[in-house]
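As they're listed, the protein sequences go chains D and G. Mind the numbering: the first sequence is residues 1 to 364 in this note's numbering, read in order. Mind the numbering: the second sequence is residues 1 to 364 in this note's numbering, read in order.
Hints may be right or wrong, so weigh each one.
To be verified - From chain D, some residues computed to sit far from chain G (all C-beta separations above 10 Å):
#1 27
#2 32
#3 45
#4 102
#5 107
#6 160
#7 188
#8 204
#9 219
#10 257
#11 286
#12 292
#13 297
#14 299
#15 308
#16 359
Claimed, not checked - Partial list, derived from the structure: chain G residues whose beta carbon lies under 7 Å from chain D:
#17 79
#18 106
#19 107
#20 114
#21 126
#22 260
#23 268
#24 282
#25 283
#26 286
#27 293
#28 295
#29 296
#30 359
What the hints contain is simulated information worked out from the structure, not anything from laboratory work. As the structure is a prediction and not an experimental result, all values here were calculated from the model. All C-beta atoms, glycine included, are put in the ideal place defined by N, C-alpha and C.
Letter by letter, the chains look like this.
Protein chains: 2
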Amino acid sequence: MITSTAHADGRLVVELVKSTMRDPGPNEVVIEIEAAPINPSDLGLLFGAADVANAEYSDRKIVASISQGVVASMGKRLGQAMPVGNEGAGRVVAAGDSEAAQALLGKRVACLAFGTYARYCIAPVGACMPLSDDINAEEGAAAFVNPLTALGFVETMKRDGAKAIIHTAAASNLGQMLLRICQEDGIDIVNIVRSDEQVALLRGLGAKHALNMKDDDYEAQLVAAIAETEAYVAFDPISGGNQLGRILNAMETVASRDEGFTPYGSNTMKRGYIYGLLDTGPVVIDRFFGFSWQVGGWLLFPFLQSAEPGMRERLQARIMAGLKTTFASHYSQRVTLREMLSRDAVMAYNARRTGEKFLVTPQG
Amino acid sequence: MITSTAHADGRLVVELVKSTMRDPGPNEVVIEIEAAPINPSDLGLLFGAADVANAEYSDRKIVASISQGVVASMGKRLGQAMPVGNEGAGRVVAAGDSEAAQALLGKRVACLAFGTYARYCIAPVGACMPLSDDINAEEGAAAFVNPLTALGFVETMKRDGAKAIIHTAAASNLGQMLLRICQEDGIDIVNIVRSDEQVALLRGLGAKHALNMKDDDYEAQLVAAIAETEAYVAFDPISGGNQLGRILNAMETVASRDEGFTPYGSNTMKRGYIYGLLDTGPVVIDRFFGFSWQVGGWLLFPFLQSAEPGMRERLQARIMAGLKTTFASHYSQRVTLREMLSRDAVMAYNARRTGEKFLVTPQG
C-alpha cells in the first residue's frame, strides 16, 4: 500500500510498503483493487504543500520537504503513516460475517475507502456499490467522488433556489461531467476556462456558454451569459485570486440593472462555492456588489451528511446507470503502484492539468 | 428636506430643499421630526464614494465629484433626488384615515422611513413605534437600525447553531450595544478593536475579551479567546483587508487542535458576516482553514424579511423597554439640517470615527 507520513522534522515520506491485512469486521469486505483514480482530492493527503519538484526519488519511496509552518498545522497527523487513495474498484475476495458482507463475496464493486492505492483494501459494506457484469474495473473506479460532487453541485444550486450554474476550470473531468448532467436535466451552465482550446473542447461537447477568462471582453461575455441564464451560483476549484469576485461583480451588474440603485446593492443573492485549491494564494474579493452575497467552501462529505434522506441512494442509482456515459471518466495514463512514485509521474499528475488524469492499476 | 442627487456628468449634489408635503395615505402618518441619527448606513446614500474633502460647500448645498466608474453603476438612481435619513423620532401631526393611523395622531413615535433629515416626514404606520411619555425624541431617535442590527446578530448566531460571537470595530455605538445585549443574555463575545484606548473603554464596560488587533501577540490572544468561548461566528463592518480571514484562521487553529489532521481542514463551520464597508478595498482571505467556512454580507432588511413570524415584534418590545439602558445611543454632536451640510460637520461624521456620532435636530 502507498502511505504518506509527515514528520516533525519537516520530511514528508511517501512510500510503497508491505503491510499485513487485518481480518475484515462483520460489515466489512476485502477488495482486490484493480483500478483507482488519482483525484485532485487525493493529492492533498498524498503531498499537501510538499516540494515535490526538489524531492528525493528512489525505488518505492519519495522524501520531500514541507515548511515548518505547514508542519505546525499538522498536529495529530505527524508521524502517522496515512493510507492514500479515496476510491477504486475491484473484486471482493473476503467478507465479514454479516449477510450484507457475504452477499458481496466474489462480486466486483466500486468503493469509497481509505487506502485504495494498494493491492488490497478493506471497505465498509455501506461504502461499496456492486458493479453490473458489463462494467469493468476501470469504468467503475471513479464511481463516487466526481459523480457525487457534480450531482451535489446541482442539488446545492436547487437548494439555494437558483436555476443555473457558473463553473470555473470547467474543462476538467469533473467539469465535463457537470456539463453532461446539466444537458440531461435541462439546466443552463456557464463554463469558464482559461484557453481557446478549452472553449473549443466544451463547445464540441455541446456547451452553449463557454468563456475564456483571458479574453479582453471576458467581463462583457460573462455579463451577457448571466443575463441570459440567471446563473447566480458559481462553483470554483481555483480558490486563490480574484476570479470568483469578478463573477459575483458580473452577477451584480445584471441583478442591479432591473432592481434600480440602492446603496446596499441588489437584493439578488449571489453565491460562490470554493471546492478546490488549484491556486493556494489568497481569495481576493474586490466587491462592488453590496451585501447580498455569500462565499464559502464546498466539500463532498459534509454535503452528503446534510443531504435529505434518500438523496444519496437516488444519486448513486443514477450514477450506476450512467457509468459508461454521463459519469464516465477519461484517463490519459495508467500507472502501477511503483510507477506512481516515479518523478515523471508525480510531476505530471500533481500539476493538476486539464485533460491529464491518472489511473492506478495496483495489480499491474 | 435633505436630498442627494447623482448626475450622469459625475456631480453629486446634496442639498437642503423646500418641498411640498403630499397628503398621507390611509395607513400613513406625517411626523414632525425632532431628532434623527446619522448612522453609517445613511452615509452610503448621502455621499457614497463622492470626494467630499474636495467638494464645493455653500449654504444648504454641497457639490462633490464621483468617478465615472461609480456613475456607471448607479443606473436608475441618476438624476433622482433621493431623500436621506433612515430613522428618527418626532410627533405625529397628521394621519391617514385608517384607525391605526388615527390612533397615532398627537403621539411621539420612533420611525423607520425614507427622508428623516427633514422637518416633516411620511411613514407607514407599521414602521412606527409609539414612545412612552418618559422617552424624549433624542432617546427614541435611533430605536430601529442599531438595536435591530445588534439583536439580529445574536439571532443569526443562534440560527447558525453557534454559541458565541466575535465582533470587529467593537468599540462603536453598535458594538457597545451588542456587548450590553450579550452581557444581559449571558453570551460570550470577543471584541476586537484597533487601539489600547478602545480596549480600555470596552473593559471598563465589563467586556471580558477585548483585543487590540495591532498587538504583536494579537493572533495568540485571539486563539486563546476562541478556545475559551467557542466563538465561530464573526461580524465585521470593515470589509476590506485581511482581518476577517485572520479571524477564520484563528478559529481553524482551535478547531483542528482537537479534531486531528485532515487535508480538507476541520469540520467545524466557521462563519464571517460583513455588514459594513469601513474599508472599501478588497476582502482578502488568505485561508488555511479548509472547506468548512462561509463569508458573506449581512444587512438588516433581508434579515428582518427572513425572520420567523413574531420575531420582529419580540425584538421591538425588548428595544422599547431598554431605550434608556441597553439600547441607548450616545451622541458627540447635534446639528441642524443646515449645519449638517457644513464642511466641518461632513468631514467629522463621514469619517465614521469610533465615539463620534451625530444627531440631526431638524426643528433647530
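**Asked** Which numbered hints are broken by the structure, listed smallest first?
**Response** Hints 3, 10, 11, 12, 13, 14, 17, 18, 19, 20, 21, 23, 30 not satisfied by this model.
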